[in-house]
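Chemist: As given, the protein sequences belong to chains Y and U, one line each in that order.
87 is the number that this note's numbering gives to position 87 of the first sequence; each next residue is one higher, with no gaps.
Just add 1000 to wherever you are in the second sequence, counting from 1, and you've got this note's numbering.
These are calculated hints, taken from the structure and not from any lab test.
Values in this document were obtained by computation on a predicted structure and should not be read as measured data.
Misleading hints may appear alongside valid ones.
Stated by the list, open to error - Calculated cross-link-like contacts (lysine to aspartate or glutamate; reagent style EDC-like; alpha-carbon spacing at most 16 Å):
#1 Y:K40 - Y:E84
#2 U:K1100 - Y:E67
#3 Y:K41 - U:D1008
#4 Y:K40 - U:D1008
#5 U:K1078 - U:E1064
#6 U:K1042 - U:D1008
#7 U:K1100 - Y:E58
#8 Y:K41 - U:E1066
#9 U:K1078 - U:E1066
#10 Y:K19 - Y:E67
#11 U:K1078 - U:E1088
#12 Y:K53 - Y:E67
#13 Y:K18 - Y:E52
#14 Y:K41 - Y:E84
#15 U:K1042 - Y:E3
#16 U:K1049 - U:E1064
#17 Y:K18 - Y:E44
#18 Y:K40 - U:E1066
#19 Y:K38 - Y:E84
#20 Y:K22 - Y:E52
#21 Y:K9 - Y:E24
#22 Y:K18 - Y:D85
#23 Y:K38 - U:E1088
Okay, here's what each chain looks like letter by letter:
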Amino acid sequence: DTEVTQTPKHLVMGMTNKKSLKCEQHMGHRAMYWYKQKAKKPPELMFVYSYEKLSINESVPSRFSPECPNSSLLNLHLHALQPEDSALYLCASSQGPSPLHFGNGTRLTVT
Amino acid sequence: AQSVTQLDSHVSVSEGTPVLLRCNYSSSYSPSLFWYVQHPNKGLQLLLKYTSAATLVKGINGFEAEFKKSETFFHLTKPSAHMSDAAEYFCVVSGYSASKIIFGSGTRLSIRP
């Protein structure tokens, strides 16, 4: 079992929908991350929150909007996505820059 | 600057035989090095980590990695493969910042009965 919990496990949404991905950790880590992973590829960094403040945004399109309500929670709000945004979205946390502790991800399909 | 290269995209071994997954890295300073495993439709699980001093790093599930700074490789080994080891493996180099976490391209390990 992973110590980083992501919900939902699967999500299918249309291009006009608004949905949110959720991530929770109770390890006391102060850094939290969103990664996007396409099939047969390594994860790609999207966002990093450090002490609940956005510290890194890897030029991600504005249709992805992160939010860190508190030190244990991380959300990713989705709006007007494209089919090419279909992927596995992974949340991770760490104490310092590494090592990363990953959740099991949300498999997103955009129709 | 940092970089990491996994030399094999796919490795296939028979159950009970040794496993070797190769990773070369470059870094302008002493890096932290990691191996992660990803089973289908799962997140990445930390197998082992090297941060300083040790030359042989022991991880979970019988995996080990040898660190040789002079040769800049961090190969992952296991004496005897098990069917449950079939997965994707990622070698990771990490620097001082979250944006300096570099993933290798991955190696798919298949296990033949």
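Chemist: Each of the hints needs a verdict: does it hold here or not?
Modeler: Hints, one by one, checked against the model:
no.	hint	verdict
1	Y:K40 - Y:E84	holds (15 Å)
2	U:K1100 - Y:E67	violated (22 Å)
3	Y:K41 - U:D1008	holds (14 Å)
4	Y:K40 - U:D1008	holds (13 Å)
5	U:K1078 - U:E1064	holds (6 Å)
6	U:K1042 - U:D1008	violated (22 Å)
7	U:K1100 - Y:E58	holds (12 Å)
8	Y:K41 - U:E1066	violated (25 Å)
9	U:K1078 - U:E1066	holds (11 Å)
10	Y:K19 - Y:E67	holds (13 Å)
11	U:K1078 - U:E1088	holds (15 Å)
12	Y:K53 - Y:E67	holds (9 Å)
13	Y:K18 - Y:E52	violated (23 Å)
14	Y:K41 - Y:E84	holds (14 Å)
15	U:K1042 - Y:E3	holds (13 Å)
16	U:K1049 - U:E1064	holds (10 Å)
17	Y:K18 - Y:E44	violated (22 Å)
18	Y:K40 - U:E1066	violated (26 Å)
19	Y:K38 - Y:E84	holds (10 Å)
20	Y:K22 - Y:E52	holds (15 Å)
21	Y:K9 - Y:E24	holds (13 Å)
22	Y:K18 - Y:D85	holds (14 Å)
23	Y:K38 - U:E1088	holds (13 Å)
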